[in-house]
Amino acid sequence: MRNLTTSTILGLTLTFLIGPFIIIIFAGASAGETLAFPPDGLSLKWYLKVFTIESFRESFLLSLFLAIFGTVTALLLGVPAAYALNRYDLPGAETIRTVVAAPIIVPGIIVGLALLRYLVVPLDFTVTMALFMAHTALVLPYAVRVVSSSLNNLRADMEEAAVLLGCTRMQAFTKVVLPNIRGGVLAAFILGFVTSFNQVPVSLFLSGPGVKTLPIDMLAYMEITYDPSVAALSALLAFMSLSIVFVAERLLGFSRYV
Amino acid sequence: MSEKFVSLSDLTLSYGSTVAVPNLDLDIVEGELIALLGPSGCGKTTTMRAIAGLLTPASGMIEIDGQDVTRLAANKRGIGLVFQSYALFPHLSAFENVAFGLRLQRMPEAEIRSRTEAGIETVGLMGFEARKPAEMSGGQQQRVALARSLVMDPKVLLLDEPLSNLDARLRLEMRSELQRVQKDTGVTMVFVTHDQSEALAMADRIVLMKDGKIEQLGTPSQLYAEPATAFAAEFMGFENIFCVEGENLVSDTGQLPLGFAAEAPMLAWRPGGVQVGRGPFSGRVLSSSFAGGHREYVLDSLLGQIKADAPIETVEVPLGHNIDFDLPQSTALPLAA
Ligand SMILES: Nc1ncnc2c1ncn2[C@@H]1O[C@H](COP(=O)(O)OP(=O)(O)OP(=O)(O)O)[C@@H](O)[C@H]1O
Ligand SMILES: [Mg+2]
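Protein chains in written order, with our numbering: chain A, 195 to 452; chain B, 19 to 355.
Rather than coming from a laboratory, the hints here were simulated on the basis of the structure.
Please note that a few of the clues may not be correct.
What the hints assert, rightly or not - Label pairs and their in silico Cβ distance ranges: (1) 219/B / 281/A: 51 to 61 Å; (2) 281/A / 27/B: 30 to 40 Å; (3) 247/B / 281/A: 34 to 44 Å; (4) 281/A / 22/B: 43 to 53 Å; (5) 37/B / 346/A: 26 to 36 Å; (6) 135/B / 208/A: 53 to 63 Å.
By construction, the Cβ of each residue, glycine as well, lies at the ideal position given by its N, Cα and C atoms.
Throw the hints in and build the complete structure from the sequences for me.
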């Protein structure tokens, strides 16, 4: 009885988690002209078509750029921030933590609107610049959180030991702290990358003519054309995310950090 | 041999506004093994961290080998510290842990190798070079920590409760190991402990601390035989301490007539110094426990609780029954107030 219940729950969970993914894979592999499930026959033409759509290529590159550089920047800011919050008794540390976490709490659409209203319009920031800042800010909380939890597991006396062996505080950080939080930093990078890449609400307001992130571009495409290429692209992106996580798991047991 | 190899003068150490160690004066002789002994929270770690340079003194001066190092950064003092938690670098092998400090000095690879290997040999860890800290036992990790500090040829080696995480057998082994390393290298060693038997067994001199102050300073035999204060006496195992008023011993709960004339205002007896089985006094057995060579009784007397050891050959007196006992002059330790 218990076994039956357990396997039912397991089955339902897997269906809900993996079901949509399967549907998308097959919807994209349709031989028909419109998005449908079950597909009208099977073919790979929509998967191939995706690569020929110029605007997808451009928005993919933009999204990739934002995901990589936004996340790297967030880590450059987030690792020292997490370190300082963790190791020093800073005045107002609680406030800083709250502020850093704000983009997670505040709905993305409001963050996007605020950036548009206060940066792009009055200060004449380029759209790319604004998107870059938005994505960095969006990923920062993840960077701080994930790195903080690795730092929590690292005792402070290790750095003191390094200092007594001749390190400066900076060397103690690079030679002892960094190597030991490497896994956490990589985990934060992957989490940040995926978050940034799939981000819609914040980018919605900021995307301008000719400058769109991939998810926004896909939304725009679907408003005009209802063919299976969007499903094909979604499936490809899901595969990309999966492989990144898979490789990370293989390399360092990613799941320990998230 | 410098008599003041490490010299702390009028040293005050505080955390924010709370003073942990007020006005400490202490001179450590070159090449000695000195123990900082005292109950939890008395300022042992604090003192040690100040010597290492991890804690800036609120006031006072620290001199090492004739040089004022009070304001010198921790990484320039040439002092080794073995942490209670070992603080090994988890991402490095035992070998690289030991070599860590040498690599920072940019010496030739061959010299790094030979010195690291020598250090590993000193602590008897040959064959463990490639292991990560997580793959070693507590005792092995501790040896790595010791070797890591030793290869730096420190002027002073500080050890914070180095044996407290080890099991009883390993602790005894490491005791003699530490003593041997100290004699072999001649390094000045300061080690922290709150275990009096450890301090007595290992140290050349013992600094007994209480509330951040030095309660007594002396050789193990001095401290053991002649504790100067009630606190020191209690720490050295004189568990029965009473005030003398005229002809009587008095405590909070009552008094007993003293059988001899005492000059001192207080007298103390070890449990082993209490005569059990005969004597003018009587106490009810509150607890009785077997302790190997003897039996430990806690007696309820007119003076309150008396801790008394009886030879194991004597017949055990059941709980609740009375035993006669005496607090003899021959084993009494006179104490100043
Ligand atoms: N970081 C700190 N901040 C504030 N007070 C501290 C700090 N570290 C220690 N203290 C206080 O300073 C006093 C001395 O502490 P210390 O750690 O030197 O004691 P200890 O003798 O090493 O004790 P133990 O045997 O428990 O290790 C204690 O009263 C302690 O509460
Ligand atoms: Mg301590």
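List of violated hint numbers, smallest to largest: 1 and 4
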